[in-house]
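Take 1 as the starting number for the sequence shown in our numbering and just add one per residue.
All the given hints hold, so there is nothing to weed out.
With a cut-off of at most 30 Å between alpha-carbon atoms, the simulated DSSO-like pairs for lysine-lysine come out as follows:
(1) 6 to 109
(2) 6 to 122
(3) 6 to 103
(4) 122 to 109
Ranges between beta-carbon positions, derived for each pair:
(5) 98 to 35: 18 to 24 Å
(6) 96 to 117: 28 to 34 Å
(7) 40 to 101: 15 to 21 Å
Derived by calculation from the structure, the hints in this document are not laboratory data. Every value quoted in this text rests on a predicted model; they were computed, and no experiment measured them. C-beta atoms are modelled at their ideal positions from N, C-alpha and C, and glycine is treated no differently.
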Amino acid sequence: MPTILKFEDIVAWQKALELSDLIYSYSNNDKFSKDFGLKDQMRRASVSVVSNIAEGFEREGNNQFIYFLLIAKASAGELRAQLYIARNQNYISQNEFDSINNKVIEVSKTISGFISYLRLQKKNSIESKKLSKLS
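Construct the complete structure from the given sequences, taking the supplied hints into account.
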């Protein structure tokens, strides 16, 4: 994987931003927009995914980055739960639910993959240091 120089280059961040735009768009519909609590909570959860990926990247080291990626992933889970409420209240159709839910799952899987990559990178770095001490 090439070196990432800014958080905007992170695929998970790009997908999370698309998801956030989608949530803002759907939550502007007439019935949905009047449910201020759910609308605001869903928007906050989607913004949290984007923001935590960016904040984690700007922190020092992979441990903190992974921590913030886990928070982003948890916010994606929160958003999925809220989607069920939006669907059950008929703020979005089943087709809209399926489309948005699939996007949230895609974002979550992308974050998980990135976490796995960072953990493997960390493990390889530790093993490399141990080997160099033995030499």
